[in-house]
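Novice: Below, each chain spelled out in residue letters.
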Amino acid sequence: MDFPTLIQILDSTLRLATPLLLACLAGLFSERAGIFDIALEGKMLAAAFASGAFAAISGSAWIGLAAGIGASVMLSLLHGLASITFRGNQLISGVAINFLAAGLTVLVAQHWFQQGGRTPSLLGDGRFSPIKLPLADTLSRIPVLGPIYSELISGHSILVYVAIICVPATWYVLFRTRFGLRLRAVGENPAAVDTAGISVVGLRFAAVVICGVLCGVAGAYLATGLQAGFVKDMTAGRGFIALAALIFAKWRPWFALYACLLFGLLQALALRYQNLDIAGIAVPVQLMDTLPYILTVVILAGFVGRAVPPRAGGEPYVKER
Amino acid sequence: MTVMPKWADVILVPLISLFLALAISALVILAIGEDPVEAVQLMIEGSVGSIRGWGYTLYYTTNFIFTGLAVSVAFHARLFNIGGEGQASLGGLGVALVLLFLPWPHWTVALFAAMLGGAAFGALWALIPAWLQAKRGSHIVITTIMFNFIAAGLLNYMLSYTLKPAGSGDPASAKFSPSYDLPTLNSILTDLGIQAARDDSVNVTFLIALLACVLVWVLMWRTRLGYEIRAFGHSETAAKYAGISPLKITVIAMLISGGLAGLMAINTVMGEAERLVLNSTGGAGFIGIAVALMGRSHPIGVLLAALLFGFLYQGGAELSLWTSIPAQLIVVVQALVILFTGALDNMVRMPIERMFLAMRRG
Amino acid sequence: MTELAIELRGISKAFGPVQANKDISIQVTKGTIHGIIGENGAGKSTLMSILYGFYKADRGDILIDGKLTAIPDSQAAIAAGIGMVFQHFKLVENFTVLENIVLGAEDGPWLAPSLSKARKELKSLAEEYELNVDPDAVIENIGVGMQQRVEILKALYRQADILILDEPTGVLTPAEADHLFRILRNLKAEGKTIILITHKLREIMDVTDTVSVMRRGEMTATVKTADTSPTELAELMVGRKVLLRVEKTPATPGAKILEVRDLRVVDEKGVERLRGIDLDIHAGEILGIAGVAGSGQSELLEVLGGYRNGHGKIVMNGQSIDLTGARSDGQSRRARGIAHVPEDRQREGLIMDFHAWENVAFGYHHQDEYQRSALLMNNRALRQDAEGKIERFDVRPANCWQAAKNFSGGNQQKIVLAREIERNPDLLLIGQPTRGVDIGAIEFIHQQIVALRDAGKAILLVSVELEEILGLADRIAVMFDGRIMGERMAGTTDERELGMLMAGMTGDAA
Amino acid sequence: MILMRTFLGAAAALAVSAGASLADPAVVFDLGGKFDKSFNEAAFGGAQRWAEETGGDYREIEMQSEAQREQALRRLAESGSNPVVMTGFAFGNVLNEVAPDYPDTSFVIIDMVVDQPNVRSVVFNEHEGSFLVGMMAAKASKTGTVGFIGGMDIPLIRKFACGYAQGVKSVNPDATVIQNMTGTTPAAWNDPGKGIELTKAQISQGVDVVYAAAGGTGVGVLQAAADENILSIGVDSNQNHLHPGKVLTSMMKRVDNAVYTAFTDGPGLETGVNVMGLSNDGVGYAVDENNAELVTAEMKTAVDEASAKIVSGEIAVHDYMSDNSCPVN
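Protein sequence lines correspond, in order, to chains A, B, C and D. Counting from 68, one number per residue, gives the positions in the first sequence under this note's numbering. Counting from -8, one number per residue, gives the positions in the second sequence under this note's numbering. Counting from 588, one number per residue, gives the positions in the third sequence under this note's numbering. Counting from 3, one number per residue, gives the positions in the fourth sequence under this note's numbering.
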C-alpha cells in the first residue's frame, strides 16, 4: 500500500468514523447516566431525514442541522418519557423508537417530496462543504507531513471537526465538572444522587437530551455532510456500530474515539477492497462489514478485557420502600 | 399488593394500549394527508375481505406466531431475545440446505426434515448469545443485535457466493424440488371444489404454528422445564436456590426461542418462496417482539396478536398497493404498539390501577 | 431549655393500599439523641424518609426549629440542616470518598475547587469528631464501618444540625457500634440533634435521651429513656405482652449428622469469605451461628444449601458431599436430606409472582409425586399438597391461588417453612427465620423449629438477632471474618461474651 | 351491523375502482423504488410519457418486500390490468409461476428472460452501450485510469463492467480500469454514501472518469465526482442534468422505451424475447446541452463509428453473461 493510498484510506476513515463517533459519544452520555440506548440508530435516522428535508427546503445546511437536532431530541424525550418518567423498559423503548424512525421518515418523506422516501439532492449551501484549513495548499508540498496536513487533516466538513472536539469536551465535562460527577453518579447509584438532593429525573433527562443533540449532529452529518440528501434507512446500522464502539471503548471518551476510528477504518477498507487479500487469503467484504459486530461480541464475551457497563444502567430508578 | 383484577391486567391494559397505538397511527395517516377511515376500509377489505386476503393474512400470521412465541419463551426466562430476525434467517439457511442437498421422498418427510433443519440452525444462532450471557455475562440484547448483523453478513455471503446457482443474477438459492411444495389453502380448497385464489400464501405451516402455540403452552405451564424457565425468569436468585441451573435454563430457553424463530423459515422459505432469498424474514423477527409484548407472552395472546399483525401486514401491503401510503405505515403501527404495550406500559397501567384503587375504596 | 429541633404534626403516608404512616406527631428536642423504635414495617423508615424529603407525606406538617418548613425534596431537607444516614448506604461504589462527599454539595460548576475545599474541610471534621477516613480511597475497597463514617461525614459536610441514622448498627460489630455511639455522643455534645432509628432495645437504652415507639404505622408512645425499661418498650412495640424467651426443653443431641472441615469460599470478587470452617451438627440439636452481618454466615448457609461453590470437606450422614460441579446444587442437597430456608425469602425462597401452590413445590418440583408422566407435571397434585400445607401451617389467607407477593412477610415465611419442614429433612438450614415477620408468626415459627429439633432433626440456625440465637439455639458458634471464633453452649453464655467473639476477640480474651 | 355496512361499502368502492381500471396497463417497480434516478425511474418515465401522450391511466406499484411480488402480480392480473410490466430480474421466478395462471393477461419483464407464452421478455445489450461510453471515458481521461462502480455484484452488472472495459481498452490498451462493486445484496442499489466513498477511493487511485451502474447508489457517485471535479458517466436514464458540465454522458438503457412500447402495444402484445441493443436504439449514449461541451466532435465521430460497426457485427463486444467471464479487465 503506497503512501497516497494510505492517506486516502485514513481520510475516508475519518469521514466514516465521524457519524459513529458522534453517535457513540451520544450513547456515552446516556448510558453513563444509566439509560441504555439502543435507539441511536433511530435517532440518527430521524435526524438525517429532518436535516436533509429542511436543508432541501431552506437551502441552508445550518437550518438542516437545527432540524436534525430537533428531531433527534424529540425522540430522546420520548425515550426519556418512557424509560425515566414511566419507568418502562429502556430496551423495549429503544426498539420502538428505531422502528418509529424507520417508518416515519419514509412516510413523511414520501408525503413531502413524493420521491419514494428520499429527499431531493442537496446543492450548494444545502450541504456542509469541506473546509480548507489555513496554509493547506502551501504546506502540501512538504513531504509526508504536507499531504497529511493538507489532505488528511484539512478538507473535511465542519461537523467532522466538531465530532473530534467533542471527544476532549466530553472527557472534560464528564470528569472535570460538577455536572459530569453527578451524571456518572446517577449511572452508578441513582439513590446516592437522590439522597444528595439532586434530581435523578432531571439529570437523566439532561443526559438523554445531550444524547439527542449528538445523535442529531451525527444524522445531519450523514445527510448534509457525507451525502447530499436523505435516502431511506441511510444510517444502515451505524447506530448499532456506534453502540458496539461504546462497549468496545468501555464507556470512556478517548477510547470511544479509538474504537470509532477502528470501525471507520474497517468500513473504509471494506469499501475500497471488495475482497481484501491478506496473506493469500481472500477476506470477503461481508466479513469486513460484520467485523465490528464480531469484535463487539468478543469484547462482550470478556475474552479481550471485560466491559463493565455503568452499574445502574438499564434499570429504571424506583425509590425503595 | 394486587390492585387490579387479572382480567384488567391481561385484557384491559393491552386493549387500551392498542387503542392508543392505533389512534396515533390514524393521526399519522391524517397528517400525511390521507383518510384513515378509507385506509381502514381498504385494509379490512384487502386482508379479510376475500379468500386471497385471508390467505396472506394467515400467511403473515404464521410468521408472527413463530417469532412471537420465540420472543415469549425467552421473555419467560427474562431474556430479551432481540435476535429473532437473525435466528429466523439462519433457520432459512437450515431449511434451504436440508432441501437442496438431501433427497426426500415426499413433501411430508421433507417438511419434517426442513423443520428440523430450520429449528436447528435457528437454535444454533441463539446458542452462542445464550452461552455468552450465562457463562460470561455478556448482555444478551447486545449480543443478539450483533448476531442479527452477523447473520445478515453470513447469509449474504452464502447467497452471493455459495448457494447462488451459476449464472443467476439473484442472490438467491436454486428452487427446491417442486415435489416439496407444501399444500396451500388454495390447493386444499381447490381439491374441495371451491374456486380459490392461486398463490403460495398460507399453507400447512399455519397448522404447525397453531400446534406450536399449544406445545408452548404445555411446555410453559405443564412441564418441569416450563416451571423452571418461569421460575428462573421471575427470580434468578430463587432459581439458583432451588438448584435450577441458570446456565441450563438460559441455554435451553434460548435454544427453544431460536428454534421457534428458525421454524418460521418453513413458512417463508419452504412454503412461500420455495427457495432461499435474501431478507426472507422481512422483519418478522422484530414484529415478534411486538406480538409477544401485546400477547403478554401467553400463546393465546400471541396467537391473537399475531392475527392482528397479520391483518395489519396484509392490510398494509394492500394499502401500499392501491394508495400512495407507503408500507412503512405498518412499521409505524408496529413501533407504536411496542411503545405503548411495552415501554409505556406504566403510563396506561398507573391510571387504571388508581381507578381500581378508588373503586375499591369508594 | 427545651427548644425543639423538629416537630412533626399529623403526618400520614400511604403507598397504594398500604398505610405506612398514620397521623404521626413527634417532637424532638434540640441537642438530644432521640430514638425511634419499632418492628420491621412499623413505618419508622418511611417517616424519616418523609422528613428527609425522600417521600412526600399525604398529610401533615413539618416544623424545623419551630418554623413550618416544606420539604418537597432532599435538597430542601439538606438546606434545612437535616442529614440522613440510610440503612443501605447511598454511596457511589467506584467513586472516591472525596467524590462521594462532594457529590451534590459542589461549590460551582467546576470540580477541582470543590474537591480541594472538601479535602481541607474533611481533615478538620475528622479531627473534631474522630472520623478518620482516607479521602482518596475508593468506596468499594473500604469496609462497611468506614463507609458509614463517609455517610456521616457527608451529612456533616453539608452542615447538618440534625442527623438521622436508620438502623446504623445492623452491619457493625459491637465494638464498631460502640465507636459509633461515641461519635454520636460527641455530636450531641457539639449541639447536634440526632434521631436514631432501630429495632434493638439495647441501643435505645444505651444511647438515647428520649424514645418514641411505632407500631403498624402509628406512634404509640414517646417516653424519656431513663423512665422506661426494655420490657415496657417491647410491649409498646408489639402491643401486648411478649414472651422474650422461647419455651423448649433441653436438647438431647444424637448421632452426628453433618461434619464440616476446613470449608473455604471465595466470592465473585475474589474475596475469601470463609476461611476454614470446622463444624459438627448432631441430630436433635439446634446449632446457632451468631455474627455481625457479613461475617461469612450467609456464605456458610449458601455452601451447605448448594447455592454456592466451596472447597473443603462436608460429610452428611457419613457420606461426603460435592462442593463444586454439577452435583453441587440445591437439588442434590435436598436429595441428601438437607432442607434450606434461605435468609432472603423474597429473593431466594419464593417466586413472588408464582401462586402459593406453585411455591409449595418450589425446589421439589421434580419429585415423583408431582409428576403425571415423564414429561408433564401434575398440577392437581401440587395444589392438593399445597392446600394441606397451608392448612397445617395456618397460612393466611388460606388461598393457594394467591401470588406469594400478596402474602404478609410472616405468611410467606410459613409457606417456605411448610415446604422445607414437611419434607422431613435430616438437616434444616435456616437463615434469619423471623426477619420482617410479625410477632405472632415469630412464636409459631420458633415453635415449629423446636418441634423439628424434638423430632430428632439437626438444625443450623443463622440469625443476626443475638436474642433469637440465645433463645432458640442449644449450641452457639460465633463467626467473625469468615472464621469461627468460638463455640458456647446457649445456657452458659450471654450477650456480652458473644459480642466480644463477634467483634473478633478470641474466646480466651473474653 | 355497522361492521357489515363498512364491509359492503368497502367492497362497493373497490368494485368501482376495479371497473375503472379495466384493461389499463400496469407497471411494477422493483425494490429500489420508482425514484431511483436510474433504472426504475426510466421505467416510470416511459409510463408517464405514454400517459401524457394517450391520456390513458395506468396502475403502478412499488415493491416493499419480497413476499409482495407474487401478490402484486396476481392482484394486478385479477383486477384486469393488462399488460403488466415489471422491472427487474428479481421477478423472473415469480412470473414463471404466475403467468400460466392468467393466460389472457400479457406480462412484460425487463432484464430477464421468462419463457411463457404470454410473457414478453425485454433484455438489453448493456455491454454494447457500455462499450461506447467506455470509449468516451478513455478519450476523456487524462490519467489513463478510469473507474467503474457497479451496484450489486451480479452477472448483469459485470456485463456493464465488461462492455465498458472493452470500450476503454479499444481506445487505449494501456488504460487501467478500476472496478468496484457496492455490495452483493439489493441494498447495494440504494447506498449513495457508499457510492461517494468508493468514488473518492477511485479518485485517489488516479481515476478521472467514473462510470456508475449502480441504481440509486450512482447518485452518490455522480455527486462525489462533481465535488472532486472529475467526470462521471450516468446510467439507464439520462443523468447528464444532475451535475451539468460534470457528467460526461449517460449510458442510456431505454427501459422507458420498453415500458412505453409495451403500454402502447396493449393487451395481447407480441410475446417472446425482445433484445434491445444499439441496432434498435435500446441502448446508447446521451448528448444534450448539459454535456455538449464535454463531448468533442472527434469523440463523437469515433463512438458513432464504433456503434455502426457493432451493429454490423464488425466489432463483437463480448457479453459477460454468455460465459460469465470477461476477456479484459
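There may be inaccurate statements among the hints.
Claimed, not checked - As a list, the in silico DSSO-like pairs of lysine-lysine whose alpha-carbon atoms are at most 30 Å apart:
hint, chain 1, residue 1, chain 2, residue 2
1, D, LYS141, D, LYS248
2, C, LYS775, B, LYS239
3, C, LYS843, A, LYS317
4, D, LYS144, D, LYS302
5, C, LYS811, C, LYS787
6, A, LYS386, C, LYS811
7, A, LYS386, B, LYS231
8, C, LYS843, B, LYS(-3)
9, C, LYS643, C, LYS856
10, C, LYS856, B, LYS231
11, C, LYS787, C, LYS617
12, A, LYS386, B, LYS(-3)
13, C, LYS811, C, LYS654
14, C, LYS787, A, LYS317
15, C, LYS900, B, LYS126
16, C, LYS856, C, LYS811
17, B, LYS239, C, LYS654
18, B, LYS126, C, LYS609
19, C, LYS775, C, LYS643
20, A, LYS317, B, LYS126
21, A, LYS317, B, LYS(-3)
22, D, LYS144, A, LYS199
23, C, LYS856, B, LYS239
24, D, LYS248, D, LYS171
25, A, LYS199, D, LYS248
26, A, LYS386, C, LYS835
27, C, LYS643, B, LYS231
28, B, LYS(-3), B, LYS231
29, A, LYS386, C, LYS900
30, C, LYS609, A, LYS386
31, C, LYS843, A, LYS386
32, C, LYS787, C, LYS843
33, C, LYS900, B, LYS231
34, B, LYS231, C, LYS654
35, D, LYS141, D, LYS302
Keep in mind the hints are simulated off the structure, nothing from the lab.
Novice: For each hint, tell me whether it holds in the structure or not.
Specialist: How the hints compare with the structure:
With a CA separation close to 15 Å, the supplied pair D:LYS141 and D:LYS248 stays within the 30 Å bound. Distance check on the hinted pair: C:LYS775 and B:LYS239 sit about 56 Å apart at the alpha-carbon level, beyond 30 Å; violated. Proximity of C:LYS843 to A:LYS317 is assessed by CA-CA distance (about 53 Å); at most 30 Å being required, the pair is judged violated. Only pairs whose Cα atoms come within 30 Å are accepted, and D:LYS144 paired with D:LYS302 is accepted, the gap being roughly 17 Å.
At roughly 17 Å between alpha-carbon atoms, C:LYS811 and C:LYS787 fall within 30 Å of each other, so this suggested pair holds. Between A:LYS386 and C:LYS811, the direct Cα distance comes to roughly 33 Å. Violation of the 30 Å bound is thereby established for this hinted pair. Between A:LYS386 and B:LYS231 the CA atoms are separated by roughly 27 Å; this keeps the pair inside 30 Å, and the hint holds. Distance hint between C:LYS843 and B:LYS(-3) is unfulfilled; the C-alpha atoms sit about 51 Å from each other, more than 30 Å.
The hinted pair formed by C:LYS643 and C:LYS856 fails the criterion: a straight-line CA distance of about 38 Å is larger than 30 Å. With a C-alpha separation of about 19 Å, the suggested pairing of C:LYS856 with B:LYS231 holds against the 30 Å cut-off. For the hint pairing C:LYS787 with C:LYS617, the CA-to-CA distance comes to about 23 Å; that is within 30 Å, so the pair holds. With a CA separation close to 26 Å, the supplied pair A:LYS386 and B:LYS(-3) stays within the 30 Å bound.
Straight-line distance between C-alpha atoms of C:LYS811 and C:LYS654 comes to about 24 Å, which keeps the hinted pair within the 30 Å bound. Using a Cα cut-off of 30 Å, the hinted pair C:LYS787 and A:LYS317 is violated, with the two alpha carbons roughly 45 Å apart. For the suggested pair C:LYS900 and B:LYS126, the alpha carbons sit about 27 Å apart, so the restraint of at most 30 Å is met. With a CA separation close to 46 Å, the supplied pair C:LYS856 and C:LYS811 exceeds the 30 Å bound.
Note on B:LYS239 and C:LYS654: the hinted pairing is violated, with a Cα-Cα distance of about 61 Å set against a maximum of 30 Å. The hinted pair formed by B:LYS126 and C:LYS609 fails the criterion: a straight-line CA distance of about 49 Å is larger than 30 Å. The suggested pairing of C:LYS775 with C:LYS643 holds, with an alpha-carbon distance near 28 Å, which does not exceed 30 Å. Restraint check for A:LYS317 and B:LYS126: satisfied, since their Cα atoms lie roughly 20 Å apart, inside the 30 Å limit.
Between A:LYS317 and B:LYS(-3), the direct Cα distance comes to roughly 43 Å. Violation of the 30 Å bound is thereby established for this hinted pair. Using a Cα cut-off of 30 Å, the hinted pair D:LYS144 and A:LYS199 holds, with the two alpha carbons roughly 26 Å apart. Restraint check for C:LYS856 and B:LYS239: satisfied, since their Cα atoms lie roughly 23 Å apart, inside the 30 Å limit. Note on D:LYS248 and D:LYS171: the hinted pairing holds, with a Cα-Cα distance of about 23 Å set against a maximum of 30 Å.
For the hint linking A:LYS199 to D:LYS248, the alpha-carbon distance of about 22 Å falls within 30 Å, and the restraint holds. At roughly 42 Å between alpha-carbon atoms, A:LYS386 and C:LYS835 are farther apart than 30 Å, so this suggested pair is violated. This hinted pair does not check out: C:LYS643 and B:LYS231 have alpha carbons roughly 38 Å apart, beyond 30 Å. Of the pairs offered as hints, the one joining B:LYS(-3) and B:LYS231 holds, with about 29 Å between alpha carbons and a cut-off of 30 Å not exceeded.
Note on A:LYS386 and C:LYS900: the hinted pairing is violated, with a Cα-Cα distance of about 43 Å set against a maximum of 30 Å. The suggested pairing of C:LYS609 with A:LYS386 holds, with an alpha-carbon distance near 20 Å, which does not exceed 30 Å. For the hint linking C:LYS843 to A:LYS386, the alpha-carbon distance of about 48 Å lies beyond 30 Å, and the restraint is violated. Simply put, C:LYS787 and C:LYS843 have alpha-carbon atoms about 35 Å apart, too far for the 30 Å limit, and the pair is violated.
Restraint check for C:LYS900 and B:LYS231: the C-alpha separation of about 22 Å stays at or below 30 Å, so the hint holds. As the CA atoms of B:LYS231 and C:LYS654 are separated by approximately 53 Å, the hinted pair breaks the 30 Å bound. Proximity of D:LYS141 to D:LYS302 is assessed by CA-CA distance (about 10 Å); at most 30 Å being required, the pair is judged to hold.
The structure fails hints 2, 3, 6, 8, 9, 14, 16, 17, 18, 21, 26, 27, 29, 31, 32, 34 (numbered hints given earlier, in ascending order).
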